[in-house]
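J.: Read top to bottom, the protein sequences are chains X and S.
If you read the first sequence in this note's numbering, its first letter stands for residue 600, the second for the next number, and so on.
If you read the second sequence in this note's numbering, its first letter stands for residue 600, the second for the next number, and so on.
To be clear, the hints were calculated from the coordinates, so they are not data collected in a lab.
There may be inaccurate statements among the hints.
[As the list claims (entries may be wrong)] Between beta-carbon pairs, the in silico distance windows are:
{"id": "1", "chain 1": "X", "residue 1": "G748", "chain 2": "S", "residue 2": "A801", "range": "48 to 58 Å"}
{"id": "2", "chain 1": "S", "residue 1": "P940", "chain 2": "X", "residue 2": "D769", "range": "41 to 51 Å"}
{"id": "3", "chain 1": "X", "residue 1": "D961", "chain 2": "S", "residue 2": "S745", "range": "23 to 33 Å"}
{"id": "4", "chain 1": "X", "residue 1": "G748", "chain 2": "S", "residue 2": "A964", "range": "30 to 40 Å"}
Beta carbons: idealized from backbone N, C-alpha and C, even for Gly.
There are 2 protein chains.
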Amino acid sequence: MTQHDHEPHPVSRRRLLGTVSAAGASGLALGATGAAAAQAVGQDEPRPPALSTVGSTRVPFHGAHQAGITTPAQAHGHLLAFDLKPGAGRKQAATLLRRWSATARELMAGEPSARNSRNAQNTGIALDAGPCSLTVTFGFGRTFFSRTGLTDQLPDALAPLPEFSSDALDKSRSNGDLWVQIGADDGLVAFDALRLIQRQAAGTARLRWQMNGFNRTPGATSRPMTVRNLMGQVDGSRNPKPSERNFDERIFVPGSGSSSGSGSGSWLAGGSYAVVRRIRMLLDDWDEQSPSAQEKVIGRRKSDGAPLTGGGEHTRPDLDKRSADGSPVIAANAHVRVTAPASNGGAAMLRRGFSYHDGFRDDGAPDAGLLFVAWQADPLRGFVPVQRKLDRGDALSPFIRHEASGLFAVPGGPAKGEYVGQRLLEG
Amino acid sequence: MTQHDHEPHPVSRRRLLGTVSAAGASGLALGATGAAAAQAVGQDEPRPPALSTVGSTRVPFHGAHQAGITTPAQAHGHLLAFDLKPGAGRKQAATLLRRWSATARELMAGEPSARNSRNAQNTGIALDAGPCSLTVTFGFGRTFFSRTGLTDQLPDALAPLPEFSSDALDKSRSNGDLWVQIGADDGLVAFDALRLIQRQAAGTARLRWQMNGFNRTPGATSRPMTVRNLMGQVDGSRNPKPSERNFDERIFVPGSGSSSGSGSGSWLAGGSYAVVRRIRMLLDDWDEQSPSAQEKVIGRRKSDGAPLTGGGEHTRPDLDKRSADGSPVIAANAHVRVTAPASNGGAAMLRRGFSYHDGFRDDGAPDAGLLFVAWQADPLRGFVPVQRKLDRGDALSPFIRHEASGLFAVPGGPAKGEYVGQRLLEG
Chain X
600 MTQHDHEPHP VSRRRLLGTV SAAGASGLAL GATGAAAAQA VGQDEPRPPA LSTVGSTRVP
660 FHGAHQAGIT TPAQAHGHLL AFDLKPGAGR KQAATLLRRW SATARELMAG EPSARNSRNA
720 QNTGIALDAG PCSLTVTFGF GRTFFSRTGL TDQLPDALAP LPEFSSDALD KSRSNGDLWV
780 QIGADDGLVA FDALRLIQRQ AAGTARLRWQ MNGFNRTPGA TSRPMTVRNL MGQVDGSRNP
840 KPSERNFDER IFVPGSGSSS GSGSGSWLAG GSYAVVRRIR MLLDDWDEQS PSAQEKVIGR
900 RKSDGAPLTG GGEHTRPDLD KRSADGSPVI AANAHVRVTA PASNGGAAML RRGFSYHDGF
960 RDDGAPDAGL LFVAWQADPL RGFVPVQRKL DRGDALSPFI RHEASGLFAV PGGPAKGEYV
1020 GQRLLEG
Chain S
600 MTQHDHEPHP VSRRRLLGTV SAAGASGLAL GATGAAAAQA VGQDEPRPPA LSTVGSTRVP
660 FHGAHQAGIT TPAQAHGHLL AFDLKPGAGR KQAATLLRRW SATARELMAG EPSARNSRNA
720 QNTGIALDAG PCSLTVTFGF GRTFFSRTGL TDQLPDALAP LPEFSSDALD KSRSNGDLWV
780 QIGADDGLVA FDALRLIQRQ AAGTARLRWQ MNGFNRTPGA TSRPMTVRNL MGQVDGSRNP
840 KPSERNFDER IFVPGSGSSS GSGSGSWLAG GSYAVVRRIR MLLDDWDEQS PSAQEKVIGR
900 RKSDGAPLTG GGEHTRPDLD KRSADGSPVI AANAHVRVTA PASNGGAAML RRGFSYHDGF
960 RDDGAPDAGL LFVAWQADPL RGFVPVQRKL DRGDALSPFI RHEASGLFAV PGGPAKGEYV
1020 GQRLLEG
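Please work from the sequences and hints to get the whole structure.
T.: Right, dumping it as structure tokens:
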């Protein structure tokens, strides 16, 4: 369906990168000005050549922390869990993590080897695309440690999450020995990474479960950092920000390893814990509520995510404010009140999820909702107390179902020459 | 996870559109120059404000043809089929199509009513996003005509597709009374449209099947018109182009209605026929082939889609060219040879599909492939002869499975004040 001119030569990597970064540089200079009408294109006009930072942006593989935690959430995401195959132990796991890390590094950098169509390892799916903010993040589930004889290194904080009264968990889509989170702003780049990760595991680990998700496409809105979920609500406004004091302390495991309890070695320094929940939304029920009723459930305005007590999205909700009739403006069971850090001893987690939509269920309801991924230095001070409170009385509960759950220890970022988890597997 | 400043006021529609079109205008001026390295961002840096044509581009609802046929394929797609509920006939169908058309028009234009958070019909999911090239396209399946007493208007060309020896069709995911194709460059905008379309059908029609697909994100590559499929192959290079002579004649039903056979009224003038096939790719088998073996199957280079006989992606394959040893350079059963217009009496269809990926099957294989959508003035001169030929001997056949199928008559574009299908339902 292309209407472009004949292109006699393959686009070289150099040319691709040059092109996109020229656009990137200029793009940054464009201010939020002008009031002209939206550009309308005829149905038959070719789309203009793509020159944007969407393709060119790359996220470093090496660093203090793994990528995919504080990286802005991408437009496409895959969550995968693997179980080691019988006979595979610590040595095979180390080989796999070494291979996975090398692949993640190459793909995230958009290196030539990852773009060479003669490479038999290359699916070709991402050929001629940029890195597209690809991140690949690796974690270990509790069962990994017994399978690999590493129970001495098992952190206390990796104890199974408590059961919550509203849980309706599918065990086959929960937990797992190894966890991989893939994110990219292009669906084919993300799928390419997924295929390579999966194929490289073949001899060592079996895919246990896999979930696909999405977020806004960069450029779809002029408020790019605002995440909306499939209930139409702005989500994540109170997330801690890397610029805040105590951010690292709340999200990442400290170097000493002390806060992750006895039994944990220093292998997890700079790492984090990921709580993963597949939360189905009962959208047919939700969409029957009036906008005002929905806002009361959440405690925020639908239009812009501002608390019902006023201000903008990032204004702190005034939980004490009362209406003329004396009732609290933000209801006692409003989601924003129950989850407020002030209501939970300052506990904080960094939520960075993806919406999902897998069609519809046998009962005709949409199989859609949130792939909730929350990051914290200690799940017993992050996710668990908040979820306990939600479990007791959250106005949102009637509209959601927790259908799968996982908890994973995610090592710190690898130094150059190192692979993810090396300090655990060769420590 | 946002690190943006406090935003005290909701972003007005005017401001959003002004912003994106300023970027759009400047974006067009950026040439393919420069050779600097790709821009690397730190993990903690906020993504720059989104200023791109991705959000601002809108596709007209009114016109000679419906949108979503020659419109460049979007990054996200949904295909849905509905069956009329018992008791629903022509009158109810007309009411539904009128309502669907009004919704499609509003959402595609990004009108204020579609962006008003107080509107109970509004899910809110697309609030603060631009139109994002949204298209909603409507079609009628063969069974629609008997259910609505309109068999006089049933076009001959809407006869069931022949059975092919390689078909393994799931009837429950095939055909249907009504077909809707949704496409948008943002996943939430596409999902929002899907939810509205589905909710508005509730009293009249039941969702029969639904499939989700994707393509490259605009900006992910500097070759935006090149579609790659999940086999890593450039796909659709030989598609007819709207600028070509005979394009309309091959893709759209003429005004007289003569070519669509007796029994067809003029209601389909300017319309087209959509053949929909869910084609699963046996990716584990495919990825075991060497790049050379894959190229031999297709007859094109993987890197850039150029025919193995040389040139670039849009160079015509030289089907007569032979190697030094006398064998044809493009094998006798290469996909590009079997599907070449020259091998099929000039038959042509406009392929405009989406990749799909629904996780993995019970046997561990990826449930992924192509949502093939092909447009033509007459399926008996477009899809059918080509598929017959493929069915007899295509090197690609061992690597794919046709798992679902549909054929739909898609009316021409509505005039202002008209709804899609009005000429059929009130003719």
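J.: Each of the hints needs a verdict: does it hold here or not?
T.: Right, here's what the structure says about each hint:
1. For X/G748 and S/A801, the Cβ-Cβ distance of about 56 Å falls inside the hinted range of 48 to 58 Å, so the restraint holds.
2. Range check, S/P940 to X/D769: about 49 Å between beta-carbon atoms, so the 41 to 51 Å window is met.
3. Restraint check, X/D961 to S/S745: a C-beta distance of roughly 27 Å satisfies the suggested window 23 to 33 Å.
4. X/G748 and S/A964 have their C-beta atoms about 32 Å apart, which keeps the hinted 30 to 40 Å range intact.
The structure agrees with every numbered hint stated previously.
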